[in-house]
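Go by the hints and put chain B onto chain A.
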Amino acid sequence: MALTIISLIKQVPVPSEMRMGEDGLMDRTKAKSIINIDCQFGLEAGLQLRKQNPDARLIVCSMGPGSFETSLKAAIAMGYDEAYLLSDRKLGGSDTYATGLAISTMLKHLGFSKDSKEPYIILAGRQTSDGDTAHVPSQVAENIGIPQATFVESVKADGAGSVIAKRIIEGGYQMMKLPMPCVISLTPTGIPPRKPSLSGAIKARSLKITTFGIDDIGLGTEKIGISGSPTIVAKVVNMVSERPPITMSEGHNEATLVDSLITNLKKGGNVLEKKEAAAKKETDRPDFPEKDFREGARGILTWAEVTNGNISRPSLELLTPARNLANQLGNDTKVMTLIIGKNVQPLAQTLIEHGSDEVIFVENDSLEEYLVLPFASIFTQVIKERKPEIALFAATTSGRELAPRIGMRTSSGVTADCTGLEIGEYIDKKQKAIIAPILESRRPTYGESKLATILGFVCPQISTARAGTFEVPPRVNERPGIISAFTPVLDEKDFVVEIIKTVRGEGGLQNLFDADIIVSGGRGTTSDSLGLMKALAEALKGQGINAEWACSRPVVDEGITEYARQVGQTGKTVRPKVYVAVGISGAIQHIAGMKEAGQVIAINHNPKASIFNNADFGIVGEYQDIIPELIDRVKSGFTFGIEPKK
Amino acid sequence: MSNVDTVSTDVLIIGGGPSGLATAIHLADTLKQKGLNHRILLIEKGSSIGSHILSGAVIKPDVFKELLPDVDFSEIPFNAKVTKDSMVLLGEKSYLKLPFHMPYMNNIGYYTASLGQICKYLAVKAQEKGVEIYTGFAVDEILYNDGKVIGAKTKDTGLDHHGNQLENFQAGTRIEAGITIFAEGQRGPLTQMLIKKFNLTEGKNEQVYSLGCKELWSVPEGNIAPGQVYHTLGYPLHTDEFGGGFIYGLNDNRVAIGIVVGLDYKDPTFDVHDAMQIWKTTSFVSKILKGGKLLEYGAKTLPEGGYYAIPKLYVDNALIVGDGAGLVAMPTLKGIHLSIKSGILAAKTTAEALSNNDTSEKSLQNYEAQVKSGFIRKEMYKVRNFRQGFEKGLIMGGLHFGTQLITGGAGFFGRLKSTADYKTTSKLSHLKKKPFKERFKGKLEWDKVLTFDKVTDVYYSGVFHDEQQVVHVQIKDPKKFKEINIDQYGAPEQFYCSSEVYELHTNKAGENEIRIHAENCMHCRTCDIKSPGLGITWVVPNGGNGPDFQNM
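For the protein sequence lines, the chains are A and B, in the order given. With this note's numbering, the residue at position 565 of the first sequence is 565, and numbering never jumps. Numbering-wise, this note's numbering comes out as the position in the second sequence, counting from 1, plus 1000.
Here chain A stands alone, though its shape is the one from the complex (with noise of 0.2 angstroms):
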């Protein structure tokens, strides 16, 4: 039985080079186009796959125009045997609901089913650039019916048939085993994409890549293209950047380097002149009648994660766009939250008195760790038997997977990783109606340049909110509510997958949201340790400063200090007033943990590290001799301008 190896790939722009025009717009035109990265990350691993099963054969697809044959090839150059492109112009305007569907449908087409005999592998990216929903791997497995895992950094076949993954989970990983077939997205974090090579270059020039239309794979239009998507953009704005443009200290040595930050930081760095938001104009509302689509679906459902036996704190942010949807809903809209696992009963009256109206407890031992499969299949039965017309997820490793799987099985399209939650309306001038109250979910997209509006037109209506986003709601002490139980159907295929090991850190550490300064080390410090990091933060702590030291995420995997101090998506989202990122190379993960920091001091040795472009002030220049040169100044009364208190 030889093993066959899928990687799902998709061409978008550099993202690098999508700078933003002369006119504040992304230009996206002189962009040159690349295989995502993640999906880099993808083909490697079907590659390191092969190391272990000589036979394997090697196969990857996207679906795109015909200019995706660039990177259909490149795969080819680095390895990959078949290329398989689904290219059709009724495709266009698909969302990952419709993307999730169509290359499910070719892989099936392909002949790879739930019930092939032969075992197969399905390898994607975690998500893309363009788009960072991190749906379509979830939507694939669901449609295919064959069980995932996402976000996941290396991957084995353990020789017995089944596969290895190891996954990355909010302050920790999980090894898992999953039979095949299966999905798997990897994270750009595992072994980087190999060079291609020149016979591989070679081999790929002349290669047939085969392109199928939609009609060659039995796909109908009904549930594709613009007008098939559940969802629809419905408006995109430009995101202003808050952070003004950095101001870069100049010096040959640290000496001079740390004298022109100390001067910048007095003068002030750089003050961005807000644009006022320009003033919406008031479109004209037709007079069309209104239109209410939800089919009678009432309530708002949202999901409490339970992590070491504790709600976890996304979870508990989800309650205030919830309460504030509700609200705006009015007619004594309810929100419910489903909690599910292990000695979960407990907590269910902590949701409350943080706003929910009911909880839905599923007791389950088998359950105490989350699971994709029976999650989905408990959600799909209480949404079914409540009907809610929105469901809510908090964006973490778990929800961002679970909520397009479930909502593959509603046919409701899914938007990923909201920053703004609203009910509004929509004027849909085809049918002459205006179609409300309809949920506008609003979300950062091209690298955090703009936020879209999305749409869905399927109750429930689901999203999933990014954590930290919103604050958890203030606990009102014995508030009262329902807490009633819920007994799912489940089915002994859902748990074929299997936890082998979770490995979590502590989630302490609550003085990292106090502290005034946090001085933060990233992969580029690790060579003492953070020392120089713990050293500098004390040395501030002599001062009278209240500072902590945190790191970004590869300090934690490589094991050298505890996930609490880890600042990120993954980890604690911080607004300390003053941040010093040293050595951090300013992923977006980390990003999202410290945006909102007063002022962002960048101390790094790559002028090129993204971390500049979010950093109030700047240094280009080896951590081992600024900071120990900063460490001098602060014993001689240097704070970073924060008073000390006495």
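One should not assume that every hint holds.
What the hints assert, rightly or not - In silico negatives: residues of chain B with every beta carbon more than 10 angstroms from chain A:
#1 V1007
#2 L1394
#3 K1432
#4 V1455
#5 V1470
#6 R1515
To be verified - Heads up, simulated EDC-like pairs for lysine to aspartate or glutamate below, C-alpha to C-alpha not over 16 angstroms straight-line:
#7 B:K1448 <-> A:E250
#8 A:K203 <-> B:D1005
#9 A:K51 <-> B:E1167
#10 B:K1197 <-> B:E1361
#11 A:K156 <-> B:E1467
#12 A:K541 <-> A:D632
#13 B:K1362 <-> B:D1316
#14 B:K1032 <-> B:D1070
#15 A:K635 <-> A:D259
#16 B:K1065 <-> B:E1075
#17 A:K608 <-> B:E1500
#18 B:K1148 <-> B:E1176
#19 B:K1437 <-> B:D1453
#20 A:K203 <-> B:E1132
#21 A:K387 <-> A:E295
#22 A:K90 <-> A:D216
#23 A:K608 <-> B:D1466
#24 A:K608 <-> B:D1453
#25 B:K1443 <-> B:D1453
#26 A:K608 <-> B:E1075
These aren't lab readings, by the way, just hints derived from the structure by calculation. Ideal placement from N, C-alpha and C gives every residue a C-beta, glycine not left out.
Okay, now just chain B, sitting in the frame of chain A:
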């Protein structure tokens, strides 16, 4: 499955610049005429054709008609035709338009161009003719059999800084070729290996180089007319610094500017990039750039040793073409047409050799004979002593050149010898004049509007290098380097480098060390040429790495 893949081809061309592409095009044409069918494979290290190509450029166009006889000339993507050509003598605050041209320096009727764009066009033509072009692959090893060249091998990738294999290791591909054309450009690492192995410079003058730094600007309408060309002499260069500036008005309100300076200067603190920034602040240049915006920056070295420095150009199964052969005519610094011509000649010899099934040295020697007889000789021989004459400075050089003009290039001394550039730098303590950094004290501050520091300029070259690879600029002997280059010469690397690869760092104890930022490297090779004692070797980094020039 063997770990190393092998492909074979009849002809391997290493490098996708004008000479390599001309070889490919003319060879494909000639073979077709002869009714022969041979595989021609061209490998380019840049991520795309043109991404590592930089030139002024004003091009003598006639040779394109020879290369592409069937093509409508207007189809070739030249920029503006030169309509006005002036020599300007610069002072800091004043300038003088010279009422005459230096001999050989008139460019009226030639074309300004982005050589990168021309190369992209030539690559399309070559591919139409059946040439296989692969970009983004670095070749770092010559393959030999029985002491004869039999092809080359692409670089292994997926190595860490120490050369250990990583999990994503990808072995290079062996390319076995009937004949290999070295079209790497100036100071190509493989060409250097070939020259060394076969001692191809025996009895020749040492090759000398100059470094050109260039910026492309967009300027307001009216600052400079398309086709207006200026060459400047004088400020900020000292009379013992050989070189000058160029300003080429292009279509669409763009202007290409830069300076080119001979690397035989003595001052270890001399900095061509910084000299260009100072040059831009002169009233004459700043007026042209006023209100404009920097679009691109780049740098490259050019061989200017001339006729007597041309190495032997053929060995069994291999030829050298273009800049690698040192085919640049002085004092115009024009080499593009000569490179293309050398490609055409190499193609003729190669086609002949393939049809006779004889690629031996004897069969290939006709190539060099052709180079040294036709118009390449004509242009290079009459100025064969030009550059060497200037080794003693501008005044002596002027005298030499005057006598050479009268005597048809010979001068009163016959063949003048040259000294390799790495030998000409003075030790700091031996420098007789004010060093560059003191000469322009107070002027070395950049406003980031008109003038830019190196790191900022480097950003405008689109340069990128993979983090995981062996550092591609290598200090041969760190101890010796510290003693000689740093302590005695004051680390001239930090100044001559066009792209801030070398940083002199002084720690708190006052100890100096050189830090290498190879990721900034523009692939200009100055460090390989100018480092005292040849302390640094430039090797080719991973394919696809380096600058990403768009219109240079």
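Okay, the hints, checked on the actual structure:
Annotated as non-interface, B:V1007 brings its C-beta within 10 angstroms of a C-beta of chain A; the closest such distance is 6 angstroms. With a cut of 10 angstroms on Cβ distances, B:L1394 stays outside the contact zone with chain A, its closest approach being about 32 angstroms. Against the 10 angstroms criterion, B:K1432 stays outside the reach of chain A, whose nearest CB is about 26 angstroms from its own CB. At roughly 5 angstroms, the least C-beta separation between B:V1455 and chain A is not larger than 10 angstroms, which violates its mark as non-interface.
Every CB of chain A lies more than 10 angstroms from the CB of B:V1470, the least distance being 14 angstroms, so the non-interface label holds. At roughly 7 angstroms from the closest C-beta of chain A, the C-beta of B:R1515 falls inside 10 angstroms, breaking its exclusion from the interface. For the given pair, B:K1448 sits about 13 angstroms from A:E250 by alpha-carbon distance, which is consistent with the 16 angstroms threshold. Distance check on the hinted pair: A:K203 and B:D1005 sit about 11 angstroms apart at the alpha-carbon level, within 16 angstroms; holds.
Taking the CA atoms of A:K51 and B:E1167, the gap is about 10 angstroms. The hint holds against a cut of 16 angstroms. Note on B:K1197 and B:E1361: the hinted pairing holds, with a Cα-Cα distance of about 15 angstroms set against a maximum of 16 angstroms. Pair hint A:K156 plus B:E1467 does not hold up; C-alpha atoms about 26 angstroms apart against a cutoff of 16 angstroms. Restraint check: the Cα-Cα separation between A:K541 and A:D632 comes to about 14 angstroms, which is no more than 16 angstroms; the hinted pair holds.
Between the alpha carbons of B:K1362 and B:D1316 the distance comes to roughly 8 angstroms, so the proposed pair stays at or under 16 angstroms and holds. At roughly 14 angstroms between alpha-carbon atoms, B:K1032 and B:D1070 fall within 16 angstroms of each other, so this suggested pair holds. Taking the CA atoms of A:K635 and A:D259, the gap is about 15 angstroms. The hint holds against a cut of 16 angstroms. For the proposed pair B:K1065 and B:E1075, the alpha carbon gap of about 11 angstroms is at most 16 angstroms, so the pair holds.
Distance hint between A:K608 and B:E1500 is fulfilled; the C-alpha atoms sit about 13 angstroms from each other, no more than 16 angstroms. Taking the CA atoms of B:K1148 and B:E1176, the gap is near 12 angstroms; set against the 16 angstroms cutoff, the hint holds. For a cut-off of 16 angstroms, the pair hint linking B:K1437 to B:D1453 stands: about 14 angstroms separates their Cα positions. With a C-alpha separation of about 12 angstroms, the suggested pair A:K203 and B:E1132 falls inside the 16 angstroms cut-off, and the hint holds.
Annotation: proposed proximity of A:K387 to A:E295 holds, straight-line Cα distance about 10 angstroms (limit 16 angstroms). As the CA atoms of A:K90 and A:D216 are separated by approximately 13 angstroms, the hinted pair is consistent with the 16 angstroms bound. Taking the CA atoms of A:K608 and B:D1466, the gap is near 13 angstroms; set against the 16 angstroms cutoff, the hint holds. Note on A:K608 and B:D1453: the hinted pairing holds, with a Cα-Cα distance of about 14 angstroms set against a maximum of 16 angstroms.
Restraint check for B:K1443 and B:D1453: the C-alpha separation of about 12 angstroms stays at or below 16 angstroms, so the hint holds. Taking the CA atoms of A:K608 and B:E1075, the gap is about 38 angstroms. The hint is violated against a cut of 16 angstroms.
When each numbered hint is compared with the structure, violations occur for hints 1, 4, 6, 11, 26.
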